[in-house]
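2 protein chains.
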Amino acid sequence: MYRTHNCGELRKSDINSKVKLSGWVQRIRNKGFLIWIDLRDRYGITQLFINSENVSDDVIKTTKLLGREFVISIDGKVIEREAYNNKIATGEIEISVDSIEILNKSEIPPFTIEDESDGGDELRMKYRYLDLRRNPIKNNLIFRNDLSFEIRKYLKDNGFIDIETPYLIKSTPEGARDFVVPSRINLGEFYALPQSPQTFKQLLMISGFDKYFQIVKCFRDEDLRADRQPEFTQIDCEMSFVNQDDVISTFEGLIKYLFKNCLNINLKDFKKISYGEAIEKYGTDKPDTRFEMDFFNLSEKAKGTGFKIFDESEAIYGFNVKSGAELSRKEIDSYVDWVKRPQIGALGLIWIKHNMDGSIKSSIDKFFDADQLKNLTNSSPGDISFIISGNKKKTLTQLGALRIEVAERFGLRNNKEFEAIWVTDFPLFEWDEESKSYHSMHHPFTSPVDGVINKDPSKTFANAYDLVINGNEIGGGSIRIHNKELQQKVFSILGFSEKEADDQFGFLLNAFKYGAPPHGGIAFGLDRLVAVMNNDETIRDYIAFPKNNSGRDVMIDSPSKIDNQQLDDLNIKLN
Amino acid sequence: MYRTHNCGELRKSDINSKVKLSGWVQRIRNKGFLIWIDLRDRYGITQLFINSENVSDDVIKTTKLLGREFVISIDGKVIEREAYNNKIATGEIEISVDSIEILNKSEIPPFTIEDESDGGDELRMKYRYLDLRRNPIKNNLIFRNDLSFEIRKYLKDNGFIDIETPYLIKSTPEGARDFVVPSRINLGEFYALPQSPQTFKQLLMISGFDKYFQIVKCFRDEDLRADRQPEFTQIDCEMSFVNQDDVISTFEGLIKYLFKNCLNINLKDFKKISYGEAIEKYGTDKPDTRFEMDFFNLSEKAKGTGFKIFDESEAIYGFNVKSGAELSRKEIDSYVDWVKRPQIGALGLIWIKHNMDGSIKSSIDKFFDADQLKNLTNSSPGDISFIISGNKKKTLTQLGALRIEVAERFGLRNNKEFEAIWVTDFPLFEWDEESKSYHSMHHPFTSPVDGVINKDPSKTFANAYDLVINGNEIGGGSIRIHNKELQQKVFSILGFSEKEADDQFGFLLNAFKYGAPPHGGIAFGLDRLVAVMNNDETIRDYIAFPKNNSGRDVMIDSPSKIDNQQLDDLNIKLN
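Quick note, the sequences are listed as chains A and B, same order.
Under this note's numbering, the residues of the first sequence are numbered 11 to 585, in order.
Under this note's numbering, the residues of the second sequence are numbered 11 to 585, in order.
One chain only, chain A, in its complex shape:
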């Protein structure tokens, strides 16, 4: 036996008990003949106390060998501390050590195992197993574990069945790029790893499992942006005999349940906002709604006054910032510079300060008088208005990014506050200028509203919904098509020939012939949900063994070359 207790559980009530503990040496303080050791495990830290005058030579000899991160096991007696440490749960006691055994040595770790480590990103990724010893990362994974369990509990209590779908499936050229897996038994053929279990969960609905869920890994071979992973985890759900409101109410329930049970936070009812309104008001389909700064649209109002920049712009949008009139010229300039950065790409930023005394100062006061400017922005004394003009889509996106930046700088993105909304009524199709073809905004299985496609496909709305929390897209779903003819029509609008549709999705089209029920569902990004619930915007520290931005696991050094024999067995050659 290695321990009677863990390092986080002994209390004053245990005083005088004989105990055995095992763990890692966090710190050693050696004051001559008195030695204190902080012993650490997953559950906490317990202080060990060694009085050289009262212990055997063996204990002293062993103690002298110890270093940081050694694994030891000790026997001893629980005693009261002289001075309590109320920063840790075991702070009222310590262990008077009788015997000590080194279970394993440790070299000096390449960075400190403390809440704030001195290790750089690459180093900590390479020694991820040591980074995981640090409390912040450890606690992230424990939180994730708790959250996953609560997700399962809520869904089970609501009648959902957890069903595993296959990982070795079929490649479809549609959408993002698949990871493929060469088959050795079926030479020249490939499996693909699922980007999501979408078609399988639809087949399960056709099978009659009217409530399905799965917490499942998904894979996308995309060029990795800062916060994407080639493999990620989805909470994947589907229901039959439901409409949009049924799905939304079930999963609003889930999210509220999770915030209540994991964070003790009561979320307000989620507002619904249409895609069109979100773009028009916030310049994004995943707005952070914890603060105002809704856009105003000057595209009509501000034109025809002879101010060339406005007159020649397709669109003119702006928003007011409370207390913004206090910004210094330097601060204002830094916003102007910020929107001009290539990542944002605005040509400029117009600002109008509405001072407390009612006076106006603006970057365009040569072209408009004070009343005109007040009238345009409808601002109150103390506000500053920011305005961007140009191509409509770009203008809205740029202004949306600025809105978030302003909120950051003004401290409006309150860490303690969570606001969840549903975004609905997305377009079903997006026109892609480059390929001159329609793409699905969600995926090709999304039902149009009322099951009908407009003569002009671009004017068709999707029966789809996204969940957004604090400006992060956490999940998305839709009512699906369950009718073969409608599904074929969508494939044809997307440019599939009948043969292509059949080759790739024949099994689904076929399944629709045998009594497919109306159904719909949703999928949440678990990595993202965990991060957002912890007020974090990067998912990497909520994943035990993440990959870096080149899709590499630098710890195990993967991907890597494989044997020629393996290539031969698979009948493939490197170019």
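What the hints contain is simulated information worked out from the structure, not anything from laboratory work.
All values reported here derive from a predicted model rather than from experimental measurement.
By construction, the Cβ of each residue, glycine as well, lies at the ideal position given by its N, Cα and C atoms.
DSS-like cross-link-like pairs, simulated, lysine-lysine; straight-line CA separation at most 30 Å:
#, chain 1, residue 1, chain 2, residue 2
1, B, K148, A, K163
2, B, K163, B, K266
3, B, K282, B, K465
4, A, K115, B, K499
5, A, K571, B, K494
6, B, K87, B, K28
7, A, K166, B, K28
Sample of chain A residues facing chain B (criterion: CB under 7 Å; computed from the structure):
#, residue
8, S32
9, R52
10, N114
11, L151
12, K166
13, Y177
14, K180
15, F189
16, I195
17, A526
18, K571
19, I572
Once you have looked at the hints, place chain B on chain A.
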């Protein structure tokens, strides 16, 4: 809204309620102007009743269009049945239909959706989504869902943390063949899909997560035997600061908990039997111990009597079958034929009948007299003894197979009875004649007993344990090596050069340098566990979308060819 109730929940107490149901048409009985429809969903069947004289023409018209597996939605009133059907939970009521809507049509399904289907294996695999509608398969998946939840609950209650490990890892030529995944971002390099998260869970122990579990897909690119799948699900567990008894008691607790909570069966304490004893007594390391028929060893005793077959055999083993003396000559011959089949490969089977009157009849009574034979077998009146001789390993295996066959035919493999045992003390290494090298019997991370390797590696025992239920291997595990030098020594016995060991497992060897705790664990085959708990020996019907014996998913037709563009992007060519 599609329904107020499901098809399994209405009772007499609901009589006179107005309800709305949706589901599939299971059966239609048309008795002139009275029509009954069985409406089915996941939860059960509810009978619909249509009296043509009381409903609108619309209802009659729609009803005439219906066929098997149509999806419909109906409104109506709950009424009492004239004659109760006590085979179904809703058998006391039926719904008097007011209106009916066809939600989706169905072609005539390719096989009947009944408990006993008329569809062949291939057909049911191709239309798996229809096969899943059948009660037996549906109930298997629901059982699996329940079991998974209880597994998680037990492990959570015991302090285990569910941590996801990566699916895109590194290929290692050791052991079974990996599925590999070409990387597009790192051209010429490959990920591998995990055969198990073995090294990752060990790293998690080094990270200090002293209790880890995961229900996780694993992958093996092996030539598929009848009941293997290229992807399968493991309950993967690991603990730190434990010895063998700690692991065994934790997971014996899990298995008992599952049998109690999912089947209401109280398992007896699991016996422990060594690998050596299992082979010697049952001819297999996964014995079915629900019945006796332990082997006796005549290798010494029966030699030197001049009977050439015995004298020239390395080994002679047999077992007694209670009531076996009643077997007819024809029945005995069928056992003789059975062991001679190429799958078993015995050269013959010696039998000795010990009749109730004390007389002896035997296939070798020309060579031995009655007393000699009684003395050899130590049988009782009424027994038959079966004996096989030859090469020791083959003899034991053949006799072990015969023991199971006899038990089958004598009805000793009692469906209602479950007996779980631990098999321990496996050899650490197996000598492979073909490659003239040692292999790990479990895997190279298994610790030898007491952490010491015998000078003769083949005489080293592993600190490993398998869980066997009713003759099926359900799980296996071991205490792991946590010391770098010992791990290197094992790699070297297995024929790894230092460089090879470092290339493949350098990250683990490295991790051992920074305070690796003693640790051990176990992994269970979930597919197999579910099947065995349902008295089934094939796992396929406990998996939603299994692959066939060529690793193909015949429903989605995968694996399949991929685009040349995809191959080019990956920089690979088909030979």
